[in-house]
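Going down the list, the protein sequences come from chains A and B.
The working numbering numbers the first residue of the first sequence as 1 and each following residue consecutively.
The working numbering numbers the first residue of the second sequence as 345 and each following residue consecutively.
Hints may be right or wrong, so weigh each one.
Think about it this way: if two alpha-carbon atoms lie no more than 27 angstroms apart in a straight line, the pair counts; the simulated BS3-like pairs of lysine-lysine are [unchecked claim]: (1) A:K40 to A:K61; (2) B:K524 to A:K323; (3) A:K339 to B:K667; (4) A:K331 to B:K667; (5) A:K323 to B:K667; (6) B:K675 to A:K323.
Residues from chain A shown here face chain B by an in silico Cβ test under 7 angstroms; the list is partial [to be verified]: (7) L327; (8) C330; (9) F341.
Away from chain A, derived, C-beta distances all over 10 angstroms, residues of chain B [as the list claims (entries may be wrong)]: (10) T371; (11) P388; (12) G492; (13) Q506; (14) P582; (15) N586; (16) D590.
Hints were generated in silico from the structure; no laboratory data involved.
All figures in this text were calculated on a predicted structure; none of them were measured in a lab.
No residue lacks a Cβ here, since even glycine has one placed at the ideal position from N, Cα and C.
2 protein chains.
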Amino acid sequence: MAGGVGSRFWPMSTPECPKQFIDVFGTGRTFIQMTVDRFKGVVPPENIWVVTSEKYSGIVKAQLPDIPVSNVLLEPCRRNTAPCIAYVSWRIKAKNPKANIVVAPSDHLVTDVVEFQRVINSALQFVSETDSIVTLGMKPTRPETGYGYIEANLQEPSLRNQEIFRVESFKEKPDLAKAKDYIQNKAFYWNSGIFVWNVRTIINALRIYLPDVNDIFENMLSVYGTDKEQEMINSEFPKCENISIDYAVLEKADEIFVFPANFGWSDVGTWGSLHTLAEADSAGNNVIGQNVRLYETRNCVIHTTQERRVVVQGLDGYIVAEKDNTLLICKLAEEQRIKEFSAE
Amino acid sequence: MAGGVGSRFWPMSTPECPKQFIDVFGTGRTFIQMTVDRFKGVVPPENIWVVTSEKYSGIVKAQLPDIPVSNVLLEPCRRNTAPCIAYVSWRIKAKNPKANIVVAPSDHLVTDVVEFQRVINSALQFVSETDSIVTLGMKPTRPETGYGYIEANLQEPSLRNQEIFRVESFKEKPDLAKAKDYIQNKAFYWNSGIFVWNVRTIINALRIYLPDVNDIFENMLSVYGTDKEQEMINSEFPKCENISIDYAVLEKADEIFVFPANFGWSDVGTWGSLHTLAEADSAGNNVIGQNVRLYETRNCVIHTTQERRVVVQGLDGYIVAEKDNTLLICKLAEEQRIKEFSAE
Chain A
1 MAGGVGSRFW PMSTPECPKQ FIDVFGTGRT FIQMTVDRFK GVVPPENIWV
51 VTSEKYSGIV KAQLPDIPVS NVLLEPCRRN TAPCIAYVSW RIKAKNPKAN
101 IVVAPSDHLV TDVVEFQRVI NSALQFVSET DSIVTLGMKP TRPETGYGYI
151 EANLQEPSLR NQEIFRVESF KEKPDLAKAK DYIQNKAFYW NSGIFVWNVR
201 TIINALRIYL PDVNDIFENM LSVYGTDKEQ EMINSEFPKC ENISIDYAVL
251 EKADEIFVFP ANFGWSDVGT WGSLHTLAEA DSAGNNVIGQ NVRLYETRNC
301 VIHTTQERRV VVQGLDGYIV AEKDNTLLIC KLAEEQRIKE FSAE
Chain B
345 MAGGVGSRFW PMSTPECPKQ FIDVFGTGRT FIQMTVDRFK GVVPPENIWV
395 VTSEKYSGIV KAQLPDIPVS NVLLEPCRRN TAPCIAYVSW RIKAKNPKAN
445 IVVAPSDHLV TDVVEFQRVI NSALQFVSET DSIVTLGMKP TRPETGYGYI
495 EANLQEPSLR NQEIFRVESF KEKPDLAKAK DYIQNKAFYW NSGIFVWNVR
545 TIINALRIYL PDVNDIFENM LSVYGTDKEQ EMINSEFPKC ENISIDYAVL
595 EKADEIFVFP ANFGWSDVGT WGSLHTLAEA DSAGNNVIGQ NVRLYETRNC
645 VIHTTQERRV VVQGLDGYIV AEKDNTLLIC KLAEEQRIKE FSAE
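Using the sequences and the hints, build the whole thing.
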């Protein structure tokens, strides 16, 4: 899933080139490239599908040259995750009705890829044998209010896989007090937004819980892979309800399981999380940029492009982010206002 | 005089395009253009001479199209003000041995141009009748430690011009304690670096007090205005002693006068002085740039170029200056370190 706009990372992330297409850590690989890299040896490139906005098709093809152009699906507008998943599920079903599927956001970070692959392979094995919906639950490390939580029924491990448990309930993004309670409870996990299932299961679920959206894509079976596909999608996709897969399906369906895992995951949703995750100097600064000099500066995130020269003196706890013709200087503590700051 | 490098205004001022060639106030006129504008009606363009570095000849000709190209003198290297003044004095003498001359830096601000012109005309009249060296002394408004001071002998106004007094002594840039004493004393004025004299007077003074430098330019009389001039200057100018006209002549010569004046002068030598002089918003911010948005920001100087978008939140008392590929963020109180910050 690569249709997001990453507005919380402005100005580094812009509507023209959002977060998933950016080398946030200065490693030379963008989020979407790291996401694809993560599946090397698990899924061959020809089985990787990218669903993104039509305006990002050029970026996707440039950043992921190994993925067949026909596997890049283009949404004419944003309709949240449920229509996105319905579309690609039908495309996959048309090719392989027995497919097992991992649904993953393209703008998350995973630091332990070996463990990630072990978990994914184990979950794929599980869904190949059962009609289960598996969500990956992340062991919480802090009372994060920016994530949804999953409550597992730890008394009921699956018989087929002792690492997988029934979901007791899904929890909305909590306030800090609730979040602190949640992380005291061993049964609570962060909802990573990574799902594993087989194509029959998700499509059955869509037929039951989101029939109108499902029909739109089921009725297009004859045009998938033809010249008519994009034209039809452009006319039909906007008719889809704007709804997340969590609301539409997961919170309603039975046979929902959670696979608690711990592979160094973050959605890197904010400058603050980048500040936490990226390598910091001895003064607690994350500096991304080749020509940055700091004096009496602490706990800052400095993010600039290669060609720019930056000198910062006397800042503590700020974001200094610069891209193209835009500069943002703001307190890390105020970053939730970046949408306001970035408004034209 | 337009050979300075304006290093205290980095990154707005760079060795490639220093302060005198920059529209610091966003008025559409650069310092050197304002300096020339200031003499409209006093000196015709063909009598205005610019002495600058050879690498700025293109900028000068572009910014001052009305000044004859032959009046733009190019120094092959920096030798402070004495050689600069010796060179242009001989060039002027070759054209008009009776010329009266105003020597002015090209990177100062004058807010009351009417009073400036009255003072200049009065001083020119005075030096046309006497062999005097006149310096313009500025009424101090604060204990500035960045300026030199002139002590006038207020008991001895000139008979020819009651506004002009003999100089008692020149004072180096003082420390704050001294500066506070100075401004208590009615006889002390800031040394503006603006001088008025006739060409005979300055050349006689150079012959006496700086003979080696004087000889270099006197010996070139035959090549001035010819193809050979630049070539000769390039080989001879570097031989000049690196010395200011203040040390070389003013502090030694007799017949030195000061014309106390008050026409809203500043050398705008620092970001802090720009902060004091430029128009500020209600929060005390000076903003130069078309697309700058401030939130909870006070007492800052924000200086950017037209095409750039800048959002600043939560800064108090900082310089945010951006030009080409360079960004500086530093406390106004630390601006004396800008040379350190700008070092490659």
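Next on the checklist: Are any of the numbered hints broken by this structure? If so, which, sorted upward?
Outcome noted: 2
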